[in-house]
Each structure stands twice: as structure tokens, then as C-alpha cells.
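Asker: Chains as they are written, first to last, in the numbering used here: chain S, 1 to 733; chain Z, 1 to 77; chain P, 1 to 77; chain C, 1 to 225.
Among these hints, one or two may not hold up.
[To be verified] Distance windows between CB atoms, simulated: (1) 2(Z) <-> 50(P): 27 to 37 angstroms; (2) 256(S) <-> 27(C): 37 to 47 angstroms; (3) 129(C) <-> 564(S): 28 to 38 angstroms; (4) 26(C) <-> 443(S): 19 to 29 angstroms; (5) 643(S) <-> 53(P): 46 to 56 angstroms; (6) 190(C) <-> 256(S): 49 to 59 angstroms; (7) 298(S) <-> 54(Z): 34 to 44 angstroms; (8) 443(S) <-> 27(C): 19 to 29 angstroms.
These are computed hints drawn from the structure, not numbers from a lab.
Remember, it's a predicted structure, so these values are computed and weren't measured experimentally.
Beta carbons are placed, not taken as given, at the ideal position from N, Cα and C, and that holds for glycine.
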Amino acid sequence: MSFSDDVIRAQGLTLDEYAQAVEGLGRVPTWAELGVIGAMWSEHCSYKSSRVHLARLHTTGPQVAVGPGENAGAVRIGQGLCAVFKMESHNHPSYIEPYQGAATGVGGILRDVFTMGARPIAAMNALRFGRWEHPKTRHLLNGVVAGIGGYGNCFGVPTVGGNLSFHTAYDGNCLVNAFALGIAAEDRIFLGTASGVGNPVVYVGAKTGRDGIHGATMASDVFDDATADNRPTVQVGDPFREKLLLEACLELMQEDCIVGIQDMGAAGLTSASVEMASRGGTGLVLNLDCVPARESGMTPYDFLLSESQERMLLVAKPGMEPRVAEVFAKWDLDAVVIGHVTDDSVWRCTWHGDEVCALPVGLLADDAPKYHRPCERPESLAAMQVVPDVRCSDPGADLLALLTSPDGCHRGWVWRQYDHEVGAGTVAGPGGDAAVVEVPGTDIRLAMTVDCTARHVLLEPKVGALGVIAEAARNLACVGATPLAATDCLNFGSPERTDVAWQLSESVDGLTIGCKAFDLPIISGNVSLYNASAGSAILPTPMVGAVGKLAPGVVVPRSAFPRAGMTVAVLGRPPSHGVGASLWLTHTVGRDAGTPPPVDLSAENALHAAVRALIAQEMVSTVHDVFEGGIAVALAECCMAETVGLVGTTPGSEDVAGRLFGEDHGRVIVAWEHSDDAAIRRVCGDVPVHVIGTTGGDHLALDGVVNVRVSALRVAHRNALKTFAEDVHAVSG
Amino acid sequence: MTAFVTVMLRPGILDPQGLAIADGLAGLGHKGVQSVRVGKVFEIALDDADNVQERVTQMAKDLLANPVIEDFTVEVR
Amino acid sequence: MTAFVTVMLRPGILDPQGLAIADGLAGLGHKGVQSVRVGKVFEIALDDADNVQERVTQMAKDLLANPVIEDFTVEVR
Amino acid sequence: MARVGVVTFPGSNCDADMRRAVQETDGLEAVALWHKEADLQGVDAVILPGGFSYGDYLRCGAMARLSPVMQAVTEFANAGGPVLGVCNGFQILCEAGLLPGALVRNRDLRFVCDRVRVVVSRTTPFTNVSDGVLTLPIAHGEGCWVADPSQLQALDDAGQLLFRYVTEDGTRGDNPNGSLRDVAGVCNAQGNVVGLMPHPERACRPALKGIDGQLFFAHLARSLA
Ligand SMILES: Nc1ncnc2c1ncn2[C@@H]1O[C@H](COP(=O)(O)OP(=O)(O)O)[C@@H](O)[C@H]1O
Ligand SMILES: [Mg+2]
Chain S
1 MSFSDDVIRA QGLTLDEYAQ AVEGLGRVPT WAELGVIGAM WSEHCSYKSS RVHLARLHTT
61 GPQVAVGPGE NAGAVRIGQG LCAVFKMESH NHPSYIEPYQ GAATGVGGIL RDVFTMGARP
121 IAAMNALRFG RWEHPKTRHL LNGVVAGIGG YGNCFGVPTV GGNLSFHTAY DGNCLVNAFA
181 LGIAAEDRIF LGTASGVGNP VVYVGAKTGR DGIHGATMAS DVFDDATADN RPTVQVGDPF
241 REKLLLEACL ELMQEDCIVG IQDMGAAGLT SASVEMASRG GTGLVLNLDC VPARESGMTP
301 YDFLLSESQE RMLLVAKPGM EPRVAEVFAK WDLDAVVIGH VTDDSVWRCT WHGDEVCALP
361 VGLLADDAPK YHRPCERPES LAAMQVVPDV RCSDPGADLL ALLTSPDGCH RGWVWRQYDH
421 EVGAGTVAGP GGDAAVVEVP GTDIRLAMTV DCTARHVLLE PKVGALGVIA EAARNLACVG
481 ATPLAATDCL NFGSPERTDV AWQLSESVDG LTIGCKAFDL PIISGNVSLY NASAGSAILP
541 TPMVGAVGKL APGVVVPRSA FPRAGMTVAV LGRPPSHGVG ASLWLTHTVG RDAGTPPPVD
601 LSAENALHAA VRALIAQEMV STVHDVFEGG IAVALAECCM AETVGLVGTT PGSEDVAGRL
661 FGEDHGRVIV AWEHSDDAAI RRVCGDVPVH VIGTTGGDHL ALDGVVNVRV SALRVAHRNA
721 LKTFAEDVHA VSG
Chain Z
1 MTAFVTVMLR PGILDPQGLA IADGLAGLGH KGVQSVRVGK VFEIALDDAD NVQERVTQMA
61 KDLLANPVIE DFTVEVR
Chain P
1 MTAFVTVMLR PGILDPQGLA IADGLAGLGH KGVQSVRVGK VFEIALDDAD NVQERVTQMA
61 KDLLANPVIE DFTVEVR
Chain C
1 MARVGVVTFP GSNCDADMRR AVQETDGLEA VALWHKEADL QGVDAVILPG GFSYGDYLRC
61 GAMARLSPVM QAVTEFANAG GPVLGVCNGF QILCEAGLLP GALVRNRDLR FVCDRVRVVV
121 SRTTPFTNVS DGVLTLPIAH GEGCWVADPS QLQALDDAGQ LLFRYVTEDG TRGDNPNGSL
181 RDVAGVCNAQ GNVVGLMPHP ERACRPALKG IDGQLFFAHL ARSLA
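My request is simple: use the sequences and hints to build the entire structure.
Answerer: Pasting the structure below:
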């Protein structure tokens, strides 16, 4: 048999890659084998363009129990327990079918976590959509938010936080990144390994249909008009079945039955089985006739590449098959032996008695192509980095405009649709700098946040990506938490473009500097490339989910002013960067310009330590960090929650815009009622403390140039997103 | 043998989805829509053709419709 | 003038609800149910009788059915 | 020690939270009940917790009603045993005909997770008329309670419209989902079967920013003592 060039390309392979496969194999692959190679060598499965960069990430530390490479990472949190977490993208499926795409994204990340033996206790999500004026934005936003809620609420995991923004660069390619965190005992973490020659390979969960065939290769394709008609690839989620799968898996994991277990995600049965064999240094034989089918007439190709949801593959200990089946039957789920482990490092599949695949595991996994794509700083960047000469003539009006803008308005419309309290352990839900959840059965509390200011990354990737980590660490500090570890989701355009490859490389370097400085090793993550439409790439978006731990007994402060009569101060150096890369500047001139604010690592770390100390000593009752939108937006947020006024003076230069709306790092607002300035200054040491003023009255009045009624700001801030999203045109059946 | 059970909200029970869709259609420029009501349809494939009308009616009573809020019709094709 | 739009999941698309209902019917002792698929029906009351088939078909395309996963039929009564 | 059964259906997801709230109440002990078993193990009260039993497919609570445990719960309720349904549990009790009315999709067709205030109209094993305005969490997509209009007044007169959503000061109705007469929960004529959409078990510890939920369990403990 031989394949035409078009057929080869349709499997996502270049002709060179195909030649490499034929050479490695010593023969021409079968049709099913060709599909398998295409999927396993896709960017999504093989990380062929990103592996060289990922190798530079900071991934180690004494707290790390399981680093990158498994279904999720695990970090020690004390009392013999680990937090198991990961973030993953579901961008392309969500663009095609927002509800199901987002829902199955949540389902996939939850499976990654409970595959490891961890019961999920929290989820977050990071979303990017096109500008509000774009005709698809409203539809995508509604569908994605409903899908995330639909899956997470039913499964029963609280969605405690997230991140949302809008930019024209995402007009034709939204981002949906889902994060999940679970808890497991360190000595009962399960890995995705196939070992023990002769051990049975068991398929558990939902039946296989033709859903999502070629999802992995699709995720590695640039969108074009034809994609809108890419219909057979839509996967439908069944959160109810996944909840049963969770309970069955965790029940089985109490016993000594399982050698290894792995969820079936991208490239389904193929990828799960190959990865398990690769980690175990073994081979596998799978009898495809045994795979439970949902439809008739399915071929080996379909079984191998289907991305039907809510399925897992496990390798059982010898003789444990009946016990596995019994536990799954209790939860009304199938468990079927479909093969066994071998020692020849070959991945084989049989169908109707014939061997339809016999591929060396190495060829599919470690020996997949690897590229160091050329990187080049784009010449256009220099011009973008020039700050245009603009004045701020009416700061009050600008503040209102920012607070009602797509990126500055209140996110409550989103999180009201997510059950953020199921599990009865949410100490701080969405709305603050970081969420805080209790670890069931212990006094341990974990904080988590997900962040990425892509505008900053665009304008100088290394600095911007470092800033992402600084911001994440700062958000953790603002609830009194010390960093533990992080996960990342690297969303970029086509790595075949030199400027995009450069953004990726620089971003990884920036993340690495930040992760080392703030002790946030990356323990898991995901790369999503080829996010582009009509030839233009998305903003470089290295999304980061960071997790920290609270000291025992610490009272979590609020991120808003509870009442009048509080003294308000900002900790950290006065702003000096100006308006470069700020939301205000983008809003004012209609494009992203300037350079992002730099991060002073030691000042930032000192600030976080001071904030944690103030919280631990219960000296402040409000803590909120200053970042996007500058100090004016941060103070307004503090005022709006309980409609409390403030009259005050902010630190900084004569430049009104830079002082009020500049986005310098290293600043946190605090407020206290019963402490005194001197005591606060003593705890803060070298970290500057600037008292802004006292809360009270109906207005937010700053520097004599802003004077706005808080209640008016509040209403406008809270209604903006709802008004946009629920426009009557958005209703769908 | 296939039977179809159509379940509609009883008159007088608020149908917010129907209202929202009527608004949505108007918003999209569709004129002359007086009202929209949303119901469910169950397509039931059966092994055999015995007593289908009666059996499926029983299924609807037992499970598919809630008599407090819904009416149903059965059609066999 | 009333039109009915019936929207069903396209063949091959997973219908978790239908699976659960089929199990439920079996649990109640209803024998011989091969499969259940669940769809939606929209009952649309129109002011006038002009071009109803065409207009309602357009409504289904615009709003009532999600072409990525659903098929629809229009019936005018 | 009174024993309180908390039923787990496939898809229940507030069962563990509910057991914990029961367990942490003086005088109560939680007993896990499984939907496939018709034996209530001699418990003194039964709670149907929240979640998405059977995925909320078809109608919320419609499939759970069919499970073996519900036959036993129905007998227990008819014999006067105290039964509480929270959120999905409330939906199941309505579907099972143990409580009047039905729950349909929220007026704005969206899931809502928020805090609400409710007032109580009658004393039952789980409530006391003097409870005042309670602040409780809600999290549901189908919490709009509807009933046959001809029965509504009679239910109201009998005090069966047990919980109503109100404003902070308790003076006016404030309705998150469009339910008739701002109903957040109801009881049967005898008052031993109670259902509500808000989640008392999520408001039992100061760390969760609310303890009004404790009242439900304290009342139950007293009535069983
Ligand atoms: N998609 C989302 N899902 C849930 N919560 C969200 C989402 N987007 C934003 N939020 C919440 O809104 C609040 C403001 O978000 P953000 O501006 O990103 O906070 P910060 O700048 O402190 O990281 C946070 O509490 C965040 O968790
Ligand atoms: Mg923050």
C-alpha cells in the first residue's frame, strides 16, 4: 500500500515526517497505523515544537512530589497529602461548539486529576474572547460559560476562580483553559504506567463512538473557513457519567488492584495506551474487538482515534479483573479487559484476528519529531513600544470607562453561573485576588489564582511573562498564602512563524525567572499552538495557575473595604513606569503600546512577605493588589463591594495618568481599623507604606482630580458584562 | 418500530425558554411571531410492534411527563 | 398559523440523556426499548400564513437548532 | 443519639457535605444510605441531599424517584417520619409526589449561585416560625417552583409555602428564579416532609461565612430527642 501526499497531509504529517516514519518502521504503515502516527506526532501529543523550550522551565523543589510528564503534577501540602493539579486548553473545540467544547475541557482536566487518585476539590478557568463588537464574541462567551458551569456544577466541583479578558486578537480563536486541583495521599498517587508482563489492560467508563476523531491533529491546525464545517469532531460531555467514574476509580484505588491508570484524552485509546507503555518501558497488545462500541460499523481507525469522553484505561494486577469489574458495576459502569502488557516494546492492535497495528512504542513517543524552530524578535515591536503622547484630561471619566470596559468590568455574571460552594469548603470564592479552599478532613487551606496579562507579554514577552508570575505570587500573598507550585498553559500562534516562536521562547524564559524567584516550580502544564485565524496570531498568552498554602489559623482578609473609618494605605514603591502597556493606554489610543512594567524581584518578594506578616498578625482587614487599571481601579474595586467612599492621595509623580492608571508591579492596598501606622511600618520594614486616606462618605475622591459617586460606579461596573452578554440577540435554543 | 412522545408544558405554566426564544427571534428580525412554546420529544425505538401505543403511553405516564406541569401526546410511525 | 420545529441530535452524537432514560424505562419494567433519543420541539404561533415553511426554516437555522450537533425538521399545521 | 440517613444517588454531590453537617450537630449521627437499597437501617430521619441525581436528565429528580430507596422513603414519610430534601432532594420529593408542585428552569434560564434570604412560615421538625430572616446559599438551574394555580391559595393558607425569598430586611419578596409567590421551599400538609432550594449544609461554619444552616439541624435534633 502507499498513500498519496494529500492523504498523508490530511493526517497532519508533513511529507518529511512521513518519510521519517517509513524509515523508522522499515516499511509503509497500514491505514490505521498512519492515523496513529499522525495523531501521536501531532503538536498536541508530541510537543514537537515546544519541547526544546519546556526543558528550560523551573520544575523542581523539595515540595514537588510529581513533576511534569504525568497526567497532572503533585505538590506536598503536609500531613502526608499532596495537591494534584493541572491546567489544560480546549481552545479549538470551544470555538467550534462553545458549550460542549468548554464542558469537555472541564471534564478532561478533572479526569487528569482523579486519574492520579486525587479527589478534585476546586476548579478554575481562564477565558479569552474577541472584542465585544465581534459578531461571535457574545455567542462564544455565553456558550463557554454555560458549558463550564454545566459540567463542573453537575460533577460537583466548586469553580472558585478564573480569569477573563477580551481582545481583537482572539476574534477568530477563543481560549478556554481549565484548571483543576485535587487531593491525594502521597503514598497513594497513581501513575499512568503499564508494567508487569501479562498484566491485563482494562477499559473502563463510557462506550466509544466516533466523537472527536482527529481532535489532536485539529488542535494543531490553523483555523480556516473549512473548519467551521468540521462537524464529526464534536465531543459531547456527560458529567453525570464522569461523576460515577470518579467515585468508581477512587473506590477501586482504596484497594491494591491497580498498576497504572490513565485517562483517555486527546487521541483517545491510542495516546493513553502508548503513553502508558512508554512510561513503563513495555509493549501492549490490544484487541479492538473487545472495545465497547456505541455505534455500529466502527473500524479500527475509529476505535483508536475516537475522543469519546469519560473513558479510562488501567493496567490491573494479575487476577484482579473481577474485583475491578465489581466496583465499576456498583457504579453502573463498564469495565472490560481489552489486552495485556508485553515485553517487546511494540504496540500492537488486533481486529477480527488480524494484527492491524504493530508499531514500536519508541517511534510513537520518544522518537517523535522534535523541532527547534527559528526564533526572531519582530522588527515591528520597537514601534509598538513607543508610548504615544497622550494626556489624561478627565481621570474620573476614564476611571468609569475602565470599570465598564470589557476587561475592567465586574465578573460576577460569570461566576454566578458556577457553583463555587459545592463541597462546603470554599473559604474565599471568586471575586478576590485568590480563592481559598479547605482541604477536607484537615485544617489545611490552599489558595489558588490564574493569571496572564497578555498585553504585557505581547509588548515584551520575557518581562511580561515574568510579570505574570509576579502577579500570581502577589495574588497568593494577598490572601495570606505562601507559594507552593504552579501549572501553565502556553497559548500561542503558529510556531512556524519566527516571531511567534520567539514569543514562546522569551515567555518561557520569563516564566522561569519568575518561578525560581517566587519558588513556584511548574509541576504540570499544557501547550496550545497554532492559535490563529485569517493569518493573524492570538496575543502570546502564557496562562499560569498558581497554588499556595495558608499558615494555620490565619484569618483570610477581604479584598474590599468593609465599612467607613478604615485607614487605607498602599504598600510598595510609588509608580514610576508611566502608562506603558497599561489598560488605560490601550483604551485611550485604541491599540497596545509601550513596554510592560519591569519586575524588581527582591522588592516584590519583600512586599509579599510583609503582606503575609500583616495578615498573620491580623493587623489589616483588607488586602487587594494593584495591577491592571492601576491604583485607581484597585481602590475603586475596594470601594464598590460594600459601597464605601474614600478620600485620599496616591503616591507618585505629577503625571496623573501614570500615577492613577499605571500598572507598576509591587504594590498592594491594605486597610486597617485598629492598628496604627507605626506598628504597620514596623512590620513592613523596608517596604514603603504610603497612607492614602480614610474610608467614608459616598464618593471616591483621589488626588483632587477624581471625584465619583461610588454607588454609580458600582452599578455601572456590575451591569456591564451582563448587559453585553444577555443582549437579546444572544439567546439560543 | 419507533414511537414519538411529545411533552409540552401545560397551558398556564410559565415557559421562560419560549419567551426568551420569541424575543430572540424578534431580535434577529423575524416578524410576526406571536409566541413560542418549547417542549421535548422522545424518539423511542422498540424491539417489537405489539401494543406500542399503549405501552408507550404508559412509559410517558410513568416517567417521561410530569402531570403537574406537562401534557403529552404519543405518535407511532 | 402554527409551525412546529423538531430538533434532534445528529446521528452519532452522544445523547447521554437518552441513554439514562432508556435505563430508567428498563428499570421500571418496560421491556423491548432499544434506544431513546431526546430532542426539542418548538411550537411557533405566527400572525400570518405567508411563506411559513420558508420563514420558520430560517428561524431554525438562525436560532433554534445548533447545526454543529443538531438536525431539524419543520412542519406547518 | 438520633440517627439521620443521608441518601446517595448516582450524581448526588452534596451528600458528604450533608453528612458532615449532620455529624457536627449535637445529638445527631449521620448514616449513609445507598439508592439501590430499600432498607433505611432504622434511621429516625431521612435527608435527600443536593446534586444532579442521574445527571438531572429528563427532569431534575425524575429518575431518582424510581430508585429502591425512594419506595422506603415514601413509606417512612407517610408514616410521619421527618424527611428533608435540599435542592435536588427537593426536586426528587416533588417528583415523587411527597411535596406539592414542581421545579422548572430558572426564569433567566441560567444557573445561579448566590446567597439569599428566606423567611419561614411554620414550625416543622426542621424549622421554627421564630427563626426570622435566614441567610443561605443557593446553587441551582431549576429552582423555579410552580404549582397548579387552583391549589396555590390553599397551600398558602395551610402554611405549606414554608420558605419565601425576601429582601435583606425581610419585608418584601426578592426572587432569584421566578418561583410562584417567591417560594423557596414547601412542606406537606402534616409538616413532616420539607423541601427547599437553599443549602443549609453549606452554612454551618463561620469559616464559610454563614451559620444559619445550623438551625435546621439543631431543630431536628431537638425534635428527635
Ligand atoms: N472565568 C472566570 N471564572 C470564575 N471567576 C472568574 C473568572 N474570571 C474572573 N474571575 C474572578 O474575578 C475576579 C477578578 O479577576 P481578575 O481581574 O483576573 O483578578 P486578579 O487581577 O486579582 O487576578 C477574581 O476573583 C477571579 O477569580
Ligand atoms: Mg489581584
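Asker: Please go over all the hints and tell whether each is borne out by the structure.
Answerer: Hints, verified against the model:
1. 2(Z) <-> 50(P): 27 to 37 angstroms: Cβ of residue 2(Z) to Cβ of residue 50(P): about 34 angstroms, so the range 27 to 37 angstroms holds.
2. 256(S) <-> 27(C): 37 to 47 angstroms: holds (39 angstroms)
3. 129(C) <-> 564(S): 28 to 38 angstroms: holds (36 angstroms)
4. 26(C) <-> 443(S): 19 to 29 angstroms: holds (21 angstroms)
5. 643(S) <-> 53(P): 46 to 56 angstroms: For residue 53(P) against residue 643(S), whose Cβ atoms are near 55 angstroms apart, the range 46 to 56 angstroms holds.
6. 190(C) <-> 256(S): 49 to 59 angstroms: Because 50 angstroms falls inside the window, the suggested range holds.
7. 298(S) <-> 54(Z): 34 to 44 angstroms: With Cβ atoms ~36 angstroms apart, the hint holds.
8. 443(S) <-> 27(C): 19 to 29 angstroms: Holds: the Cβ-Cβ distance is about 25 angstroms, inside 19 to 29 angstroms.
Comparing the model with each numbered hint stated earlier shows that all of them hold.
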